[in-house]
Every structure is written in C-alpha cells, then in structure tokens.
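Novice: Here is how the chains run, residue by residue.
Number of protein chains: 2
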Amino acid sequence: MDLSLFLEIFHKLHTEYFFFMKPSAHFGPGPSQIYFTVEDHLRKAFREGIPSLGHRTQAFESIFKNTTENLRTLLGAPADFHVFFAASATEIWERSIQNLVIEKSFHLVNGSFSNRYFEIATLLGKSAEKITAPLGEAFSSDVKVHPDTELIGLTHNETSTGVSLSMDFVNQFRTTHPHSLIVVDAVSSLPYPQFDYTKIDSVFFSVQKGFGLPAGLGVWLVNERCMAKAESLLAQGHRIGTYHSLPFYLQNAKKNQTPETPNVLGIYLLGKVVEDFLRRGIQTIRKETEYKSAILYQILDNHPFLSGFVKDKKTRSQTVIVANTGEKTDWLNNELTKMGIQPGDGYGANKKTQLRFANFPAHSKEQYEWLVDSLEKLKN
Amino acid sequence: MDLSLFLEIFHKLHTEYFFFMKPSAHFGPGPSQIYFTVEDHLRKAFREGIPSLGHRTQAFESIFKNTTENLRTLLGAPADFHVFFAASATEIWERSIQNLVIEKSFHLVNGSFSNRYFEIATLLGKSAEKITAPLGEAFSSDVKVHPDTELIGLTHNETSTGVSLSMDFVNQFRTTHPHSLIVVDAVSSLPYPQFDYTKIDSVFFSVQKGFGLPAGLGVWLVNERCMAKAESLLAQGHRIGTYHSLPFYLQNAKKNQTPETPNVLGIYLLGKVVEDFLRRGIQTIRKETEYKSAILYQILDNHPFLSGFVKDKKTRSQTVIVANTGEKTDWLNNELTKMGIQPGDGYGANKKTQLRFANFPAHSKEQYEWLVDSLEKLKN
Numbered sequence: 001m002d003l004s005l006f007l008e009i010f011h012k013l014h015t016e017y018f019f020f021m022k023p024s025a026h027f028g029p030g031p032s033q034i035y036f037t038v039e040d041h042l043r044k045a046f047r048e049g050i051p052s053l054g055h056r057t058q059a060f061e062s063i064f065k066n067t068t069e070n071l072r073t074l075l076g077a078p079a080d081f082h083v084f085f086a087a088s089a090t091e092i093w094e095r096s097i098q099n100l101v102i103e104k105s106f107h108l109v110n111g112s113f114s115n116r117y118f119e120i121a122t123l124l125g126k127s128a129e130k131i132t133a134p135l136g137e138a139f140s141s142d143v144k145v146h147p148d149t150e151l152i153g154l155t156h157n158e159t160s161t162g163v164s165l166s167m168d169f170v171n172q173f174r175t176t177h178p179h180s181l182i183v184v185d186a187v188s189s190l191p192y193p194q195f196d197y198t199k200i201d202s203v204f205f206s207v208q209k210g211f212g213l214p215a216g217l218g219v220w221l222v223n224e225r226c227m228a229k230a231e232s233l234l235a236q237g238h239r240i241g242t243y244h245s246l247p248f249y250l251q252n253a254k255k256n257q258t259p260e261t262p263n264v265l266g267i268y269l270l271g272k273v274v275e276d277f278l279r280r281g282i283q284t285i286r287k288e289t290e291y292k293s294a295i296l297y298q299i300l301d302n303h304p305f306l307s308g309f310v311k312d313k314k315t316r317s318q319t320v321i322v323a324n325t326g327e328k329t330d331w332l333n334n335e336l337t338k339m340g341i342q343p344g345d346g347y348g349a350n351k352k353t354q355l356r357f358a359n360f361p362a363h364s365k366e367q368y369e370w371l372v373d374s375l376e377k378l379k380n
Numbered sequence: 001m002d003l004s005l006f007l008e009i010f011h012k013l014h015t016e017y018f019f020f021m022k023p024s025a026h027f028g029p030g031p032s033q034i035y036f037t038v039e040d041h042l043r044k045a046f047r048e049g050i051p052s053l054g055h056r057t058q059a060f061e062s063i064f065k066n067t068t069e070n071l072r073t074l075l076g077a078p079a080d081f082h083v084f085f086a087a088s089a090t091e092i093w094e095r096s097i098q099n100l101v102i103e104k105s106f107h108l109v110n111g112s113f114s115n116r117y118f119e120i121a122t123l124l125g126k127s128a129e130k131i132t133a134p135l136g137e138a139f140s141s142d143v144k145v146h147p148d149t150e151l152i153g154l155t156h157n158e159t160s161t162g163v164s165l166s167m168d169f170v171n172q173f174r175t176t177h178p179h180s181l182i183v184v185d186a187v188s189s190l191p192y193p194q195f196d197y198t199k200i201d202s203v204f205f206s207v208q209k210g211f212g213l214p215a216g217l218g219v220w221l222v223n224e225r226c227m228a229k230a231e232s233l234l235a236q237g238h239r240i241g242t243y244h245s246l247p248f249y250l251q252n253a254k255k256n257q258t259p260e261t262p263n264v265l266g267i268y269l270l271g272k273v274v275e276d277f278l279r280r281g282i283q284t285i286r287k288e289t290e291y292k293s294a295i296l297y298q299i300l301d302n303h304p305f306l307s308g309f310v311k312d313k314k315t316r317s318q319t320v321i322v323a324n325t326g327e328k329t330d331w332l333n334n335e336l337t338k339m340g341i342q343p344g345d346g347y348g349a350n351k352k353t354q355l356r357f358a359n360f361p362a363h364s365k366e367q368y369e370w371l372v373d374s375l376e377k378l379k380n
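From first to last, the protein sequence lines stand for chains A and B.
Anchor point for the first sequence: position 372 equals 372 in our numbering, and the numbering is continuous, going up by one each time.
Anchor point for the second sequence: position 187 equals 187 in our numbering, and the numbering is continuous, going up by one each time.
Bound-form chain A, shown alone (with noise of 0.2 angstroms):
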C-alpha cells in the first residue's frame, strides 16, 4: 500500500470517528463540556467506594463538610451562608418561593429562564410581578420594584440572551428594598462573578454549567435573614415543603448531612472540582475567562456576517456568549460541527437565527482560540 493511499484511509477512519464520537470542543451552555478531571476523579470515587457509600456515615459527612467549606472560600461567601443542595436550579426556583415569599414576589425579567422563575411563583399560588426588558437588553437603572415585594427575583446571567446584570446593578436594591430578600440566580455565572454577599441573601447554580460537571445537582446558598423568614412563615402556619424545607435542610446540615439520600457522588465530584478551582485560583479563572470572551466578541464585532445578540458591552455576558448567525446559522453549525467544534443552539424563537457559546473554566483558552481561528477561516 502507497503512502497517500494510508493517508487517505486513516483521514476517513478519523473523520467517521470525528462524527460519531463525541466532539473535541463542547460549547453548549448546559449540560455542557465536561471539566478534564472529573473523569479522573470518578474513577476514584469508584476505588473508594463512593458510589455505595451510606449517606448517613462520617465518610459522607466529611465530603459534605469539603464540598460545602471549599465553596464557600470558592465563591468568596461568607461563613453565615449556608450551603444546601437540590437536584436542580428548578427546583431552587420553586423551594425558595416555598420558603421565603408568603404573597409578593418580584422578578426582573429579560429572557426565558428569569420568566421561568416568575412564573413558578405564580404557579404555587403567588402574587408574583414582574418588569420585563426587551431580549438581549439590561434593566434601565431607575427600574421600578413594587416597595413592599417579600422576594426580588434576579438572575445574574439570562442564559437564553447572554444578558448579565452588572454588581451595581445588583447591588442597588439592599439599599432600595432593604425589607426584601434578594435572591440571585446565577446559574449560568457562577464562579465567575465575585458577589458582595452583604448585598444579597441567597444566589443558587447547577453544577452542569460553569463548575463542568454532569447534571443532576443544584447547589443553594443562603443567609440567616432567609432562614429567619422561612421560620416566620412555618410559625404563622404556612406551608414550606417538607424534605427540602429550609429549617429541616440546616438541621441536617448542621451534622454535615442532607434531609434524603442525595446524588451523593455528584456532591463529591462537585467537591474534587472546586478543589481544582481553588489550586488553579479563581483569579486565574476569572481572567482567562474574560480573555475568552475578549477574542469572542471581537470577532463577533468584526465578522463579515456574524455579529454579537447583545450590543451594550457593559451588559454582554462574560459566560455565555450569543451570536447573531441569521440565515448561515444551519450551514455555521454544520461547519463547525464538522471540525469538532459544537456550539450551542440558539435558545427558544432564536433557535433558527443565533448560535450560543458557553465561556466555562472547562473550555481551555487553546479550545476558544481555535474556535475564533475557525470562525476567520469561515468568514468568507
């Protein structure tokens, strides 16, 4: 057999394999690409018999006790916020209306998730307001918040436009609303952001978004000011949940146990990750993350027909990335596609015309530069 014939036989069985396996680059925004050590850290997981390990036993307690107390020096979060995992950031949205809110909740609204939260709200029976910007835009400053709302719903990054909300912005309402509790959703954001954690009382993820991992874990944090109130409404008789009610989450919490068997290997992976976190450092983390963006959108910005969703840069999101792709969205994502690239779809009646692109610590610098290098050589 020829030398070019060899060739020609190994680029086919490559590139089938390209097409078949999973692509080199995973840039949806969640479930998304798989951190690089979680696969490492689940094969000692499976050594150490995690997998069967009893949720009420001191082996478990200590992993709750690492995940919990990494987090928090993670995120920068004081040690008065506790830590509580769900089995998603749905059901956060629906166990902090169940907890923290008796008749008025607030939402400020620019895209389907931060709707989604609204309208949890209105389904367990809430007086749940809300003010809408259009998609793709920020609230104006002077936005109105009803004086007297119980709970002022945030969502730091909109997942669906690549909208993210800056600190002042969310900073403003401790002084605006200092009766209201503020609870932000930073699903898609987090680790990224640096919160002032005395301005707000609770914020909540999913690990399989920006911590890399697979799904099936949400992760709660909250302060004494949402307990106190959670305790209020159980004291005038009001219905809060049963397992995951916030009372009954911190009395388990406080012997490093959860209310149920939770996804125990999911709350170790989460653990391991953030330990990799911390020795990379979130500073590290933070700056790679806004080079990423940087070159993104400066491609975007300079594209002969691509362009960035979100034109106010101080609005644009540094996490998840959304492109205008119009009518060459099906031939770019194929394009890509078959190069080892997969971006993510555009998001509910974007899905034809934008193309989405997840800035996670797992995507590596050397991943971002090949993708913008691929978006040049598209250009024409």
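A few of these clues could be false.
Because identical chains share one entry, a pair is satisfied inside a single copy or across any pair of copies.
[To be verified] Using 27 angstroms as the maximum straight-line C-alpha spacing, the simulated DSS-like pairs for lysine-lysine come out as follows:
id: 1; residue 1: Lys255; residue 2: Lys352
id: 2; residue 1: Lys377; residue 2: Lys352
id: 3; residue 1: Lys126; residue 2: Lys287
id: 4; residue 1: Lys126; residue 2: Lys104
Derived from the structure by calculation, the hints contain no laboratory data.
Assemble the complex: chain A is given as a structure, and chain B must be docked to it using the hints.
Specialist: Just chain B now, with coordinates in the frame of chain A:
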C-alpha cells in the same frame, strides 16, 4: 531482604489497603453495592459525551425512550403506566401526596420509612391517617383502612425492619377500596417483585438499592387514574406543584423529555443496567434472589447467637434481611469488615442490636455464600 520480611511487608500493605479501600462485598441496604457493569457503562458514557448531553436533544430523547420502555418490560408493567424521573423516592413521597390527595390519605406503617410517607402527608396539610403494625411484623389481613380515603400508601418492603407485604395483601385493596388510589413504595424491593398492575395505581423506587446504581434518581410509575386525579385537583384550583406536577411530567414525557435538566447520566446508566437485567432474565434474578435469601435465613435460624428479626416466614423480605445480633453487634460488624464484608447497620433504635443485609441483583451468589460461610465460621 529475606522472603519472610518481604511477605510481612506485603501482608501489612495489603491489610492497610483493605481497610482504607472499599470492602469486597457491600451489604448495606442502600446506597448499596454497585452493579458490576456500571463502571464500564460510565466509561462508555464519557466516550460518547453523555455527561455533556443536552436534555432537549434527540440523543437524550432516545435514552429516555430506551430507559422507560425497557423498565416497563423488566417490571412487567403495561404501556399505560407512565414512567417519570424524580431526584429521590423522598421526592416522590412529596409529589404523590401533592398530586393525588385533596384531603385524606391513609398509610400502613410498620417501620420508619412507611411512617415518613405518613409524616410527609401531614406536613403537606392533609388529614393523613395511619395504622401501625409492631416492628418486624406485617398487618393483620382484616386491617381497617378508612373507607373514603383518596390514597392508600403501602410500603412493599420496609427497609428498616425487613418486612415485606404479601401480594395478596397488596392486591386486596382494589376490591375493598375501589375508589382509592393505591400507591406502593417499592424502594428496596424492585426489580424483585412482580406486581399485578391491575391492582395498583402507582409504584416507585430509587436506583441506589435494587438497581445497583449511584444515588440521585427516583423512578415513579403512575397509571391514568393518577393522571386523572391530578388533573381534577388542578381543575378544582388545588396546588399540585410546579415543574414536577403529573400533568407537566406527562406533557414532557410525551416528547421523551423531562420538565427540568435531569440527572441525564443517571437515566442513561439506569437504562444500561435494565438492559443488563433483561439479558440476564428477570426470572433468573428472582430465583437467585430467593436462593441467596434462603441460605442467609437458614443460617440465621440455626445460629447460636444470631436470629432473623422477622419471625413470620411469609412476611420475611427477600431483599433486605435483618438479623438480631444483640450485644455481639459491634464485634460481628468488625469481624465481617476485617474479612472485607460490610454489613448494613441496624436502623434507628435497633442500630446497636441488629445488622441488615441487602440482597439485590448486584450481590452475587458467591458473595452470599461467602457471607454465610463467614457467619458459620464466627459461630464460636
């Protein structure tokens, strides 16, 4: 170095390895021993990109379809039973009461887990009633269940005590209470029991017991009577939850999807293990289960200082076998652990006087023979 020194060091290392690594047989009743194929399935899942898989993709839909259809086949459940995924059986306790009860539920309580189902109904504000059987016993056949209860909660296999309800007992309520929904907690018995699905309306389990999987997934089967009841609650203005209400589950399941981002990897692994079980044959699994329980009960009934906690042979669980170990509990636990055998602790008040042994498909005949031989050796 002479040979005896070498052997001594080798033995020491081996022993320490033994203590710090997972035991060779894990008989805790859940989380329990992982089915032997799971680690391979997990490796394949990573190769195929399952941990990053979006839950709105065709690939996920085909996993959902495969898992639910094979599960129905394995359980012998008819096609009109819907299969929904929750985070845990604890969640299903809550969701089933929320969706199926306006006012009255009735619970047959003979241990901690059946009682928790009752407690959850109470916490949700229902007029929950219960009758209680002594620990280690089943109910008398003429048990008086309130005639106009909306839901009868039965725990097929009480994990805390090792008591199983007979199928005749379970099946009687369809005749005596034709208007009540019959909901069966089969958390620690499935896939062993063959239920008569014309006699029950719902059954649920979690995967970390009889399916030999890591914890973090509950599975809920419901028939059309349950769907109709949830719809009627909704129509009457009752709150039945948000993303995990039965109508919303079904709306998504019709597309082979889930309401929220689920534990995708857990659903994939469950599908793979169910395929393995089907290949092995459910009859083989049942006969092996009965063989293994027979040899363990045999030695418990003929042991100088051990005995079976459940005296009535007809109500002895096939899948969770509870031994009275009295003041020898700690000693026995230590001796078995040194051999590489990890028993489950007794539950609650019996923690210091009983040991529990799970008998799931993950536990091989050889492991059970080893366990029995070891108990034989420890007779003196």
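Novice: It remains to establish, for every hint, whether it holds in the given structure.
Specialist: Outcome of the hint check:
In this homomeric assembly, Lys255 and Lys352 come within 27 angstroms of each other (Cα to Cα) only across copies, at 20 angstroms, whereas the closest approach inside a single copy is 49 angstroms. For the identical chains of this complex, Lys377 and Lys352 are intra-copy neighbours only, at 22 angstroms inside a copy versus 70 angstroms across copies, given an alpha-carbon limit of 27 angstroms. For a Cα distance limit of 27 angstroms, the shortest separation of Lys126 from Lys287 qualifies neither inside one copy, at 41 angstroms, nor across copies, at 53 angstroms. In this homomeric assembly, Lys126 and Lys104 come within 27 angstroms of each other (Cα to Cα) both inside a single copy, at 6 angstroms, and across copies, at 25 angstroms.
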